[in-house]
Each structure stands twice: as C-alpha cells, then as structure tokens.
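2 protein chains.
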Amino acid sequence: MDKVSQSYLLDKTMGLNENNPSQITISGVIFKHIQEIPVKGGPVLHMIKSSDPDFLGFGEVYFSLVEPHAVKAWKRHTKQTQQFAVPHGCISVVLYDDRKDSPTKGQLAKYLLGRPEHYALLRIPPLVWYGFGSNCKDVAVLANCVDIPHVPHESERLPLDSSLIPFSWSKE
Amino acid sequence: MDKVSQSYLLDKTMGLNENNPSQITISGVIFKHIQEIPVKGGPVLHMIKSSDPDFLGFGEVYFSLVEPHAVKAWKRHTKQTQQFAVPHGCISVVLYDDRKDSPTKGQLAKYLLGRPEHYALLRIPPLVWYGFGSNCKDVAVLANCVDIPHVPHESERLPLDSSLIPFSWSKE
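Going line by line, the protein sequences match chains D and S. Take the first sequence: its letters are residues 4 to 175, numbered as in the numbering used here. Take the second sequence: its letters are residues 4 to 175, numbered as in the numbering used here.
Bear in mind the hints are in silico, worked out from the structure with no lab data behind them. There are no misleading hints in this set.
To give an idea of the chain D side of the interface with chain S (calculated C-beta under 10 Å), a few residues:
id : residue
1  : 42
2  : 45
3  : 53
4  : 66
5  : 70
6  : 74
7  : 88
8  : 91
9  : 136
10 : 145
C-beta: ideal position from N, C-alpha, C; glycine also.
Just need the whole structure built from these sequences, with the hints factored in.
Below is the structure:
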C-alpha cells in the first residue's frame, strides 16, 4: 500500500469515527459511542454490561497507561477479543488486517478514543494487528475488557517499525 | 460515635491500608494491592480476572470520574457488590457498616486508592454504605466492576451530610 492510499484510508476512517461510528471498516471490528451520564462531581461513563446484546463474555479488565506521545505497537491475539475505552486522555488506535481470508485484508483503520467527543468502545477481533499512541499532553488511561482470560503465548508482537504493516508511527 | 472514636477508627484504617492491606476492617470488605507491571510507554495495571480465586461474576464495568475535591456520597446496594480501582488520580473511600447483624456494625473505615502507593482493589459488599471523594488536583478515574448488572431501585442513597452516618466530608 503506498502513501497515498494509506492516507486515503486513514482520512476515511477518521471521518467515519466522527460521523458514522456504526460503520465497520475492518471485518469484525466494532466502534460504538457509549453513554456518558452527567453527574454532579464528575460524569459516569459506561463501558460494558453483561446484559449488552453483543456481550461476548468476561475474561479480564485491566488498564494500559500511555504516557504523552508514547506508542505501544504492534500486537495481535489469536483467540482473545480486545475491547477498548479511554476514560481519561486521548489515544489513536491503528488496526491492520492481514487475515488471509478476510474480506478487508490489507485494510488499515485508525480510531480516536477519548472524552468527550470520542468516548466509545472499540472491539478488535482476534488476528487483527493493533497499536496505540497517546495524542495529548496528559497520561491516557486505556481500559481493556477482554472476553477470555490471558493465556501465555496466545498473542504475537511485531516491532513498532515493522515493514509488514504499512503504517509509520513516526509520522504521527 | 463521638469524634474521638471516629478519628481513632479512621487513623487505624489508614494505617491498615498502608501497612497491612489484607486485614478486614468491615466484615465482607476486601482491600488488596493489585499488580502494576512496568512497560515502556506506561505501566499495565491489573484489575479483575475471571480466573481470580475470589472472582464473583461479571455484571458491568464502568467509570466514575471525580473532579478535584468533589465528593460523591452516600450510596449502598442491596444485591450488588462494588469493586473499585483507581488507575488515575487519587480517591478516599469511606465505608459505614450499619447492617443489623454484622459483627462490625457501627464501624467506619477509610481507604486511599490511587497510584502508585495505593493501587489496589476495594470490594464493598451489599448493604455497606459508601462514599468517595477526590484528594488531588487532577480528575480521578474510579473504575467499578460489579458482579451483577444494574437493576433499578436496587440501590439506596443518603445525602452527603446525613446524620445517620457518623462521618463529615466537610472536614476532609
């Protein structure tokens, strides 16, 4: 994928996030705005309920803190589904689909997560590569609620600058 | 409970948090330090796994943001167990036990939650009153992972300055 088409896709997905969050850019990925309830003293932010129609199961909930302008990439899981929300700070998540039988093989997608405009849940299916970086001056809190417990060797990693993924974090 | 005994209990529980977190001050309450894993770009903070020996079940995970020096109090649930962790900012949680058959009826307890010294999980059983306030200059993120989904009218509230609970938030 050359730079032009990469930019086109990123611009397209950025637009989707802001204007049409229910559209799927990579097969199996779900991006949906979730509720923020105004409360005196600070809002309540929904994330995941067992009664959600699309609830997958609960394996673990944990947090990944991201220092300003830091990047954590690349990783994918073979079995576990990732579900991200960012209650504090702001993060860009980049996804890359190289699943051989995927209808969206070769697609890159980028999502902004963070309050108040982009308080949303991003679901990343197994075998889709993901990485994320902080966009703002404060530390970001990425909450991840996964559907099955952590299993050693169930995930794979690539270095930040891997040539296998047509995206450059250094240009972010 | 007079001011002297209230202070004594609060001092005692503050000491417990810092020095002996496994001790229980109110029957059914669990306070335990949870793992923070150093990672380049920002640490990973554990919260709850379905494989934890004391896992209760998963109902919902959500966030309550607490503005600097704001207080949210008082509330208790009749069925749901609350499980708090604070991945960003710092919070004081005050508990009050007026369960008629509790061995710790009448006890107040206070816990500090927040990184790095007090990154911990606080489990609050049904029918124990709780309130929390931010202690620091930045907004705090309180994550709550409850064992059963939200049910309307399953919780009760008292005003911040209720005389039924022998604790004054205005002195905090």
